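Novice: Residue numbers (numbering that gives the first Met the number 0), protein chains in the order written: chain G, 0 to 172; chain P, 0 to 710; chain S, 0 to 96.
Source of the hints: derived by calculation from the structure; they are not laboratory data.
Keep in mind the model is a prediction, meaning the values are calculated, not measured.
The beta-carbon is built from N, C-alpha and C at its ideal position, and this holds for glycine as well.
All clues stand as given, with none of them false.
Take a look, some chain P residues computed to stay more than 10 Å from chain G by CB distance:
#	residue
1	Ala477
2	Gln622
3	Phe639
Label-pair ranges, simulated between beta-carbon atoms:
#	chain 1	residue 1	chain 2	residue 2	range
4	P	Ile671	S	Glu53	53 to 59 Å
5	P	Leu697	G	Leu4	33 to 39 Å
6	S	Glu53	P	Phe685	37 to 43 Å
7	S	Glu53	G	Asp110	20 to 26 Å
8	G	Gly14	P	Ile671	52 to 58 Å
9	S	Glu53	P	Ile704	21 to 27 Å
10	G	Met72	P	Ala678	47 to 53 Å
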Amino acid sequence: MADILFFIFAAVAVGGAVGVVIGRSPVASLLFMIACLASTAGIFVLLEAHFLAAVQIIVYAGAIMVLFLFVIMLLNLGHDYRRDIRGGLAMLVGFGVTGAMGGLLARQLTDGGRALATNLGPGDAIDAALLEYGAVGVIAQPLFTEYLVPFELTGILLLVAIVGAIVLSKKAS
Amino acid sequence: MLQVAEVADSPGGWEPFLPGIIILLPLLGFVVNGGLALSAARKSSNAVRAGHEFDFFEGTTATTHRLPTWVGPGVMLAAFMLTLVNFVGMLGAELHEPIIRSYWTWISTGDLEVAVAIQLDQLSMIMMMIITGVGFLIHVFSVGYMRDDPGYPRYFAYLNLFVFFMLVLVMAANYAIMFVGWEGVGLCSYLLIGYWFSDKEKASAGKKAFIVNRIGDLGFLLAIFLLFLVFQSLDYQEVFRQAPDVFVYGGPVVTTVALLFLVAATGKSAQIPLFVWLPDAMAGPTPVSALIHAATMVTAGVYLVARSSLLFAMSPLGSAAVAGIGVLTALFAATIALKQNDIKKVLAYSTVSQLGYMFLGVGVGAYTAGVFHLMTHAFFKALLFLGAGAVIHSVHHALHRTHKDCDAQDMRNMGGLRAHMPITWITMWLATLAISGIWPFAGFFSKDEIIWMTGAMAGAENAPYSGLYTIYWILALATAMLTAFYMTRLMVMTFHGANRTGVKEAEHLHEAPRTMWIPLAILSALSVFGGWINVTADLRASVLGGFGLLPMSEWFHHWLEPVTEAARAVQEANLGELAHSAPFGGGEVMWGLISTSAALIIVFGTVRLFGKREVTVAAEDVQPQGFSRVLYNKWYVDEFYHRWVVDPILTTSRFLWRVVDATLIDGAVNLIGNATRLAGWVGSLFQTGQVNTYAFFLTVGVLIILSVIAL
Amino acid sequence: MLVESLVLGGLIFAIGTLGVIVRRNVIIMFLCIELQLNAVNLTFVALSRYHGIEGQLFVFFVMTVAAAEAAVGLAIIISIFRHYQTVNVNHFNLLKW
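Pulled out of the complex, with its shape left as it was, chain G reads as follows:
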């Protein structure tokens, strides 16, 4: 069951990714992106990262993509329906290079993954914690104890980002 679901989600993710790249208009690319993100969230669930799946939908697909959409609409893009994709030689060469890279990656990851799977036994490193703390707690517990400092730093980062975004997008007066 899980495998079938996985492959469905995987197919949608890849399709969405491809759609982002070859989408006709910016809005179309965006919508494909959201599809990809959603299916990735599904895969997260299958990989027992429930909290992250939720965060993915809420934050990533929900907030960040909406932000992209706002900007697209703000700039009044998407009316032309002209493709702004490089054609011909650029596409071919780029395809070749990224294809090669992807292929190499895939091969390495396959070998590495298999090695990992045999070396580290069944993938149950977080099962105990999950049982003890629950889906949210399994992340929250180390986050607020062991990794408190990065957490706080991330907060500051967000603050800086907010201030920066506002400053950058102010109209020169």
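Following the hints, complete the assembly by docking chains P and S onto the known chain G.
Specialist: The following block gives chains P and S in isolation, referenced to the frame of chain G:
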């Protein structure tokens, strides 16, 4: 005062008196005069920068013209006095070994140890006396001659520098220091020949002298390399002490050394094939010709052979070559002098010819005779040149006054000067009689001895090339006759007959001033009596010696014996006894009488013959025809050299310049530059400014790294 | 499931790279960068089952940073648009030699 590092024991208990100062005095003169010349030059160039027209006299002041008059001849007089003191000292000392003063070590690498050292022995002392004595007289002469020349201090600076280098040459105790002097006199010769360098021809003459000299220098260097290879030392004492044991008589090594030294000597002493620079060197001021190209520098080659007498004595082939080249050059140059019209050119070729005689002398093993002729030649040739200088000075002055444009040195423009310049006339006649080998003047004894020794060598017991030496003897006699002829021709054309300079000019012809004719007088006295110090016993007892009544002696021969005895010993051991009669019979006295009578007849005959002949003025004269034309054009030697040596070199140089240097080498360098620019241009293609391109290259990089890891 | 997830992550990463190379619209290029980040997140999560909870924690941080980065990046794009009146990256070539 420089520390004297090494003092050889003075045998006979004589201490030389400040020998180093003798060398340093002319150097001091050079520094002072040079400084004056530089300050004058700076004033001139400052004036030009300030906008004045260029004027040679701009920078001269009373100081730059008065001081060299005293400094130049003054240091020479002081040097001569010091030399005289040492000479007198050495006279009484009965020296058998040379005295060596070593001042400091110049080169010390590996086996080579060269010290700055001077050697005082009889040979070097005689040379020093000649250099400082005749040099002093010529300096005094120059005061009058160069009075109106704007480069006055520069002239004396160079002249002093020359004397310095010449002294270094003759006083050196090893071949390396001698070479320093050798090169230095070559340099000074260039500086002085091209003294009036603004005239391109004169500057080229200087260049020619230097370049031809250089060819000889190569021979010198190779010879001393060979000597070092064999002896690990360049000191005279070391080499000459070991030579009889190390070298095989007539062996290949010593013959090579001798021949290489011969090459060097032909360059410096203007023998065949490197004599071509000497006639051109007449472009320099006449006193320079007198000093450098008559009395001193050109005798350096003869000095070299005399100094290395032991080496030449051990190589019969080398000696025969020296003698052969000498006598051939003597004859060759004499034939050219027959047809020259420039008074200085006649004297130049005469010098080449007489140098040939000296080479003949040292080549047949008569080292004393060769050096003796060197000395007497210095007297009468310097006198001839200075006299010619006085004549030229006077004629030039006259032509300048009337603004007539013709060559002041051409004898066809002279004539009848004896009425205007009596002192010069008399002194030059004395020199002419001397050079023609007429008894009792100096040249007779020296030339006669050389010819006699050549004949004696031809008849020696084990003479290696006796037939050859007989030929030399005949040629030497013939040349003596030619010498008498062309010198008399010179005298007649210049001083006798009708004056061809022009009626208006004749008013301005005058005798030379005192500073000029006093040296002439002194030199003429030496030319008359200077030969009486080396007369053999046979001659003294005969009519030629006044039957023993005239104050002649063989002092000179005995004086130089310690220097030549090593070579003499080798000669006696290998060649046996020399003959006592000339090749076709007859003793020394008989041949002496024959040669002097023949010369006298030729002189008289020429005076009568030329006195009657009409000489056309230079402007109207035509080129001679036939064989005379060949002689007039110097047997076309210069043209030959130009075609077969100079032009190929120039063509090769042009090829190397245009093809190798400009095209290949510059092209290669430019190629590197252009390649770099090309690479830069290719690199610039990557900077498109597009983010996509940059992302692409990022990906390529990742791919490469992944490949390295994964594959 | 590990290997499949990893390969999927790699694939999406490659597709994202292609998008960065090929697209001219700067907003879509940015979107493709987000794709790449997403693929990396997937890899982390897949591996966290074997290496511990730190993988998921890292994803948490990545998402936070991605959000911040998106905000600032889009603000920059807006100010660029105000100047150039286009988001066609061909026109932003001041770095051209």
